[in-house]
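**Q** As a plain string of letters, each chain reads:
Protein chains: 2
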Amino acid sequence: MKMRRSERIVAVTKILTDQPYKLISLNYFTERFDAAKSTISEDLSIIKRVFSLEKMGKVETISGAAGGVRFIPDKGVKDIKDVINELSSYLSDPERILPGGYIYMTDLIFNPGLMDKIGEVFATKFSDLGAEYIITMETKGIPIAFMAARALNLPLVSIRKSSRVTEGSVVSINYVTGSSKKIETMSLSRRALPEGSKVIIIDDFMKAGGTAKGMLDLMAEFKAEVLDLGVLVETSTPQDKLVEDYTSLVVLDEVDQINQKIIVKPSDWVTNLE
Amino acid sequence: MKMRRSERIVAVTKILTDQPYKLISLNYFTERFDAAKSTISEDLSIIKRVFSLEKMGKVETISGAAGGVRFIPDKGVKDIKDVINELSSYLSDPERILPGGYIYMTDLIFNPGLMDKIGEVFATKFSDLGAEYIITMETKGIPIAFMAARALNLPLVSIRKSSRVTEGSVVSINYVTGSSKKIETMSLSRRALPEGSKVIIIDDFMKAGGTAKGMLDLMAEFKAEVLDLGVLVETSTPQDKLVEDYTSLVVLDEVDQINQKIIVKPSDWVTNLE
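In order, the protein sequence lines correspond to chains H and B.
Take the first sequence: its position 2, counted from the start at 1, is 2 in full-length UniProt numbering, and no numbers get skipped.
Take the second sequence: its position 205, counted from the start at 1, is 205 in full-length UniProt numbering, and no numbers get skipped.
What the hints contain is simulated information worked out from the structure, not anything from laboratory work.
All of these numbers come straight from a predicted model, not from anything done at the bench.
Treat the hints with caution; some may be incorrect.
Identical chains blur together in the list; that is why a pair holds if it fits in one copy or across any two.
Stated by the list, open to error - Straight-line C-alpha distance at most 30 Å; calculated DSSO-like pairs for lysine-lysine:
no., residue 1, residue 2
1, Lys-22, Lys-37
2, Lys-81, Lys-265
3, Lys-261, Lys-140
4, Lys-81, Lys-2
Start from the sequences, fold in the hints, and give me the full structure.
**A** Below, the structure is given as structure tokens:
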């Protein structure tokens with residue numbers, strides 16, 4: 001159907017942003033909107049300019065026969081800091097204190113609007129690494145990792161906490177949780193991840209890093225190359241974690257059960273963004 | 001910043017579609033884009049018209065002091081049928097057959113692009129029910145339910161499969177899985193769901209319905225009103241399920257291990273859409 005520019009550009013914007021990182025050919029647009037290539041190109045450069053001005057992400061054009069255009073949901077520095085401040089302020093609510101100095105964050109992890117934004121923060125950080133899969137561990141890692149996977153247009157692979165996995169040949173490893181020193185098992189079906197894949201691990205919480213270390217060991221069994229490890233919340237103690245390279249978003253500094261106070265601050269990565 | 005219509009309408013489209021069901025005041029747009037109310041209203045009616053023509057969802061304007069505009073990601077009938085056909089064709093791949101007549105669908109459940117669309121299908125079906133929460137059960141229900149929750153702008157509540165939940169006061173119930181007749185436990189923290197909430201349950205798979213029945217029983221403990229129960233895949237046998245009212249998307253009719261054949265068909269709800 002023939003449309004005017006102000007109409008067509010609405011539809012083109014919707015199609016692009018609905019499918020982050022998906023390369024869409026110019027032909028798709030020329031055919032769908034019965035418009036010349038030059039017309040669509042002009043639409044795309046308007047969208048590109050507006051997104052850039054309004055810090056709404058990037059529109060990338062790739063030329064050549066296999067080319068096309070794609071939307072990359074890169075967040076600007078101000079947006080990232082706003083999201084992290086919003087998260088920190090939710091987490092600082094003393095009502096969240098649980099016995100044992102833990103904090104209740106299940107409601108935040110299952111809040112789609114918030115996780116949508118957190119997923120885009122991770123996607124912005126990890127956009128240039130060339131990952132093929134996002135890896136997480138059930139249960140609470142899933143929403144965060146899934147939204148990051150959505151923003152990067154990558155499949156998610158979720159490690160099971162049990163060895164009772166009925167999905168064909170399974171690799172299981174034992175690991176020791178860093179804080180409580182318990183021996184646990186994690187498993188992943190062979191068919192879930194091709195050998196030698198490039199992966200990014202994303203999880204919700206890191207204290208001593210025992211679970212993260214377990215995930216790295218499991219990835220080694222799959223000969224996977226782990227490009228980075230993203231963590232929503234890390235605790236400031238113990239300072240020495242069992243893993244070295246990771247990117248957290250916020251640091252849980254103190255949970256004071258007596259005075260009912262939680263201190264949360266942005267991670268160094270967030271603070272140093274300019 | 002002052003923009004031309006073809007520029008401003010790109011940004012307005014992005015803002016609306018980024019936040020399904022979120023009511024945004026006209027003032028937000030007039031201030032952000034330094035434009036008159038009548039100008040923004042005209043932008044919105046163009047977006048509304050294009051979305052309606054291209055079956056991209058609805059733009060709803062609510063008048064009055066507490067009013068504003070919101071995007072509702074309703075899918076058209078053709079789009080719903082296309083998504084279900086895509087899902088059925090993936091599921092019919094004989095490579096998916098697992099021992100015991102089960103099928104491997106973990107990769108589909110953790111595919112963000114596909115689940116995005118499935119979530120919108122459920123959101124279209126459940127849009128008018130006035131639900132306050134989406135409920136699911138870990139692990140495989142989470143991505144589907146989370147994307148439906150995202151499309152409906154509702155929080156997700158995820159039931160745990162264990163009774164070892166460290167989130168304050170917890171309600172646990174035993175239930176009998178319909179097919180293997182095993183006794184299992186499911187639990188939910190009291191603080192995860194206010195008493196008397198209106199909820200929709202969404203899960204990945206239903207055979208005899210034992211797990212679904214358990215979730216209904218658990219919801220009764222929270223005095224919740226269950227408005228509907230959405231299921232990605234149901235099996236055609238047993239025909240008599242332990243629950244009566246539910247909406248499935250596809251029916252797994254036969255898994256023939258000897259001839260390596262899987263028969264999957266759209267559910268009656270999908271087939272009868274017009």
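**Q** For this structure, which hints from the list above don't hold up?
**A** Those not satisfied: there are none.
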